[in-house]
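Assemble chain Y onto chain C, guided by the hints.
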Amino acid sequence: MSMISAENHGLRLATRYAVLTLIAVIFVFPLVFMLMSSLKPDQQLLADTASLRAFLPVGDISFDNYTAAFQRAPVALFILNSVIVTGVTVVLSLLFCSMAAFSFVFIGWKGRDVALSIILATLIVPFETIAIPLLLIASKLPWLGLEGFTTGWLNSYRVQIIPFIADGLTIFLFVQYFKDLPGELIEAARVEGASWVQIYRRIVMPLAGPVLATAAILKFLVMYNQYLWPLMVVQDEGYRPVMVGLQYFFQLNIAWGEVMAYLSLITVPVLAFYLYLQKAFIASIASTGVKG
Amino acid sequence: MASITLKGLKKSYGNAHVIKGVDIEINDGEFVVFVGPSGCGKSTLLRMIAGLEDITSGDLTIAGKQVNDLPPKDRGVAMVFQSYAIFPHMTVRENVAFGLTIAGASQAEKDAKVAEAARILQMEHLLDRRPSQLSGGQRQRVAIGRAIVRKPAVFLFDEPLSNLDAALRMDMRMEIGKLHKALGATMIYVTHDQVEAMTLANKIVVLKDGLVQQIGSPMELYHNPANAFVAGFLGSPSMNFLDVDVQSVQGDQVTVANGALDPVTITSKQGQFTAGTRARLGLRPQYLTPATDLNAGRLHGKVALTERLGAETVIEVTLKDGKALIAALARDAIFPLGTEVSLGFNPAEAHLFAA
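These protein sequence lines are chains C and Y, in that order. Read in order, the letters of the first sequence are residues 1 to 292 in our numbering. Read in order, the letters of the second sequence are residues 1 to 355 in our numbering.
Read the hints as simulated data drawn from the structure, not as lab findings. The structure presented is a predicted model; accordingly, all values stated were derived computationally and were not measured. Glycine included, C-beta positions come from ideal geometry on N, C-alpha and C. Heads up, a few of these hints could be off.
Short derived list, chain Y residues pointing at chain C, Cβ under 8 Å [as the list claims (entries may be wrong)]: (1) G8; (2) V77; (3) F87; (4) P88.
If we strip away everything but chain C, and leave its shape as in the complex, we get (with noise of 0.2 Å):
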């Protein structure tokens, strides 16, 4: 018995470790075409396409490709702004974000439930849906900034920011594991005599780390990807993000060489802040059961 039950489990583990694999490849094949194909010339790179080669760092090897994409549009700048807009709306959603989402759950206020519904809610609206309005509004906004009173917040990084820093899926993503906090903890700190901001600051969220990861990463990605937008808002080259920058690489001839050069450095940033958190986001997303 004992024997057929190990060499089941063998089978099992090998069965197991064979289909990871396999999951494994797939997602990695993608990110290794784009940067072994960033180190090859165009001829090249179209002709290894139809063999195993183009996952190999074989043939005419270097980064020219590299230099080219930087001649061609300044990629520095964009990946700046991206990193700036990105990181300003991350840390600026979670702050905000967590705070509703406390006030919804710990403090109990008259009709929070209805307001929270109606953010929920606001979930399923897809955001082409609202651009052309939120374009319409932001291009008319008052803004008090160091050059005084203007109107219309269009290329701007406020712009970019601002819109996005509340939404319906971080507040949820809070809501459910500040619920999910033991009640008593809050009563405890509330019958000690901490005021709700002393709560939020030296209970809730010292404890809220795990969240804190899935929600900046979740937000990370939305922010990173961003192109309809500031497509819309941006015309000016200083505040464009590295999505929009893209355009520059598909004029009349597309250098895919270029493409895959300047693919590899703008998911560069993205890697690393996802290996940074990636701890906490598994933890996060293995206990609530939310899905990235």
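Here is chain Y on its own, set in the frame of chain C:
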């Protein structure tokens, strides 16, 4: 100085009335235990005093001041929760000092007060640990430490020992008793464990379905229960109740009997009885004694079950009318199953309740 007064206190969730008008007077320095079966509203009542639940109607005063609408922090209370509610991301030291930190105390003051609390609770060696490295009993100490460090006038305990094993529970029970004597603060303690209630309380409040059944000292409640519920709730094994016929009434002298019980005259302390009606006779198992002669006792039946505990022997007797009766006899005794027994009791130690 912190006396507490509950006057006509009510709590409803929509149409569900959880606390239905409670009046309790708690004197400064008293140890009051709220006891009752689960769902009787004892925890809700405690949370209303703490300020964690709104008061639907009635008056709550602490130290002469109405506190109905004050947030918990302004009521001068500290609370120990059933789950301990220790902050998992802080060390024991930070947990104990939490209230002081919030109040803006200096580091020196915090150090001194935490050290004193740790000394009282004998947990100096735990101060730099995390809650995850503590046992249940140690966590409970931390929760109590957090409560005593601010020297509040009122302590609230919500079933603090129910997550501990039996031996530890007894130790902690004694410690809480000592703590009360040492601090002299007013303490309100919620439990469903009657042993905790009997041993700790100056005053017990028995609750059922959101209403106070009786308030009094442990022995008052034990010897003079106001109704059958209180009588049955306090005491272990719990009181036997026999349905009896009232044969005659002369003033407060009521003579009762049934198929298994010879006529006996009881001095009634509660309620009115009339001849020819039914009543309930309450007999504590400890006050039943086996008669030497089968005809000498008042209750007759056969032994259905014996539990020999060494110091006492608990027997279940099936009475002649088929009802079961529990008797807890002092000392070890052997009663083979099926033995006919006759049990006697002192009528002064019996209780008569309305049917």
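Hints, verified against the model:
no., hint, verdict
1, G8, "24 Å, violated"
2, V77, "6 Å, holds"
3, F87, "6 Å, holds"
4, P88, "7 Å, holds"
Hint 1 from the earlier list is the only one contradicted by this structure; the remaining hints agree with it.
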